[in-house]
Amino acid sequence: MVAAGTAVFVVALVAFPVLMYLGHGRRRLDAAARAGDTLLGLVWILFVWALLGNVARLPLAAAGVADPLRSRAVAVGAAVVSVVLAVWGYAEAMRVPRVRRVDVTVDRLGAGLDGVRVVLLTDTHYGPIERTRWSARTIEVVNGLAADIVCHTGDIADGTVDQRRAQAAPLGAVRARLARVYVTGNHEYYGEAQGWVEHMRDLGWEPLHNRHLVVERDGARLVVAGVDDVTAASSGVAGHRADHAAALAGTDSRLPVLLLAHQPKQIGDAVAAGVDLQLSGHTHGGQMWPFHYLVRLDQPVVQGLSRHGRTQLYTSRGTGFWGPPFRIFAPSEITLLTLRAG
Numbered sequence: 001m002v003a004a005g006t007a008v009f010v011v012a013l014v015a016f017p018v019l020m021y022l023g024h025g026r027r028r029l030d031a032a033a034r035a036g037d038t039l040l041g042l043v044w045i046l047f048v049w050a051l052l053g054n055v056a057r058l059p060l061a062a063a064g065v066a067d068p069l070r071s072r073a074v075a076v077g078a079a080v081v082s083v084v085l086a087v088w089g090y091a092e093a094m095r096v097p098r099v100r101r102v103d104v105t106v107d108r109l110g111a112g113l114d115g116v117r118v119v120l121l122t123d124t125h126y127g128p129i130e131r132t133r134w135s136a137r138t139i140e141v142v143n144g145l146a147a148d149i150v151c152h153t154g155d156i157a158d159g160t161v162d163q164r165r166a167q168a169a170p171l172g173a174v175r176a177r178l179a180r181v182y183v184t185g186n187h188e189y190y191g192e193a194q195g196w197v198e199h200m201r202d203l204g205w206e207p208l209h210n211r212h213l214v215v216e217r218d219g220a221r222l223v224v225a226g227v228d229d230v231t232a233a234s235s236g237v238a239g240h241r242a243d244h245a246a247a248l249a250g251t252d253s254r255l256p257v258l259l260l261a262h263q264p265k266q267i268g269d270a271v272a273a274g275v276d277l278q279l280s281g282h283t284h285g286g287q288m289w290p291f292h293y294l295v296r297l298d299q300p301v302v303q304g305l306s307r308h309g310r311t312q313l314y315t316s317r318g319t320g321f322w323g324p325p326f327r328i329f330a331p332s333e334i335t336l337l338t339l340r341a342g
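Heads up: the sequence shown at position 341 corresponds to 341 in full-length UniProt numbering, and the numbers run straight through without jumps.
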């Protein structure tokens with residue numbers, strides 16, 4: 001067992017950086033990316049439960065269970081839990097997201113827009129695993145929600161438009177009564193940000209590239225604005241950076257503002273700009289427990305609705321997944337936000 005385990009470990013240790021380089025480097029080989037990402041997820045699961053297994057040794061020792069039985073029990077337990085979580089986590093990642101329904105009271109919202117339905121998609125991460133059917137089924141769910149506004153807050157894909165065109169194509173079938181709006185995420189800037197902005201426009205969406213539009217119903221109006229991801233300024237893509245002033249330029253200060261911004265950490269600028277509600281993604285809810293504790297070091301919120309002064313923030317756990325095809329205790333979501341007048 002020691003010899004076999006050591007051999008597997010050495011092979012994985014050598015293969016992992018090679019697969020990640022081939023899959024996510026300049027060559028972008030999807031097969032290598034699939035293998036490397038899956039290996040990364042399995043390593044994380046085994047690492048977490050091996051650590052927890054070692055903690056479990058303490059009560060076993062206190063109960064008088066001696067080695068080698070104690071060590072064998074811990075090893076088998078960690079292995080069984082890891083396998084179960086890997087299988088379940090894969091199924092959770094690949095399933096069509098559940099609908100998460102949230103009511104949000106917006107104090108300045110006019111009575112004519114009371115009950116307006118906003119569907120939030122984010123972090124679809126179309127990538128090396130072919131998910132065209134998943135994408136189409138997800139959009140079927142979205143269209144069944146009778147949305148007034150549909151938002152996508154970035155990280156559409158890992159790769160260029162040409163690489164992921166088929167997976168992104170169902171986005172063109174999204175239906176919304178008032179608007180379909182999109183902002184860039186950080187992953188667009190790893191590939192082809194301007195290409196995705198133009199492609200979303202071709203699909204009939206309104207890219208809110210530091211700009212806004214105003215929607216109206218029954219005499220009530222709502223400003224829907226968007227800013228680029230916080231990483232845009234350092235990406236080298238000309239004309240891309242988060243600019244809240246530009247996004248809200250010329251708006252009526254009496255109107256409520258719904259802002260799309262990929263990362264929750266952009267909430268500080270939203271508060272300063274007088275935004276009523278910011279919609280974000282990026283965190284994936286941690287994606288694989290207990291990674292959310294590390295995410296929390298970088299972001300003010302991991303998931304759900306939170307208040308920051310007079311500005312509210314809704315952070316989605318994401319519609320797809322990044323990298324490892326696993327979701328463990330952090331399910332994906334299609335979010336239906338119903339806005340209520342204050």
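Because the hints were derived from the structure by calculation, they are not lab data.
Some hints could be false.
[Unchecked claim] Each pair of labels, with its calculated beta carbon distance range:
1. Glu-206 x Arg-254: 19 to 25 Å
2. Glu-130 x Gly-342: 43 to 49 Å
3. Thr-160 x Leu-69: 50 to 56 Å
These figures come from a predicted structure and were not determined experimentally.
Think of the CB as a built atom: it goes at the ideal place given N, C-alpha and C, for glycine as much as any other residue.
Checked hints:
no.	hint	verdict
1	Glu-206 x Arg-254: 19 to 25 Å	holds (23 Å)
2	Glu-130 x Gly-342: 43 to 49 Å	holds (45 Å)
3	Thr-160 x Leu-69: 50 to 56 Å	holds (55 Å)
Violated hints for the displayed structure: none, as all numbered hints are satisfied.
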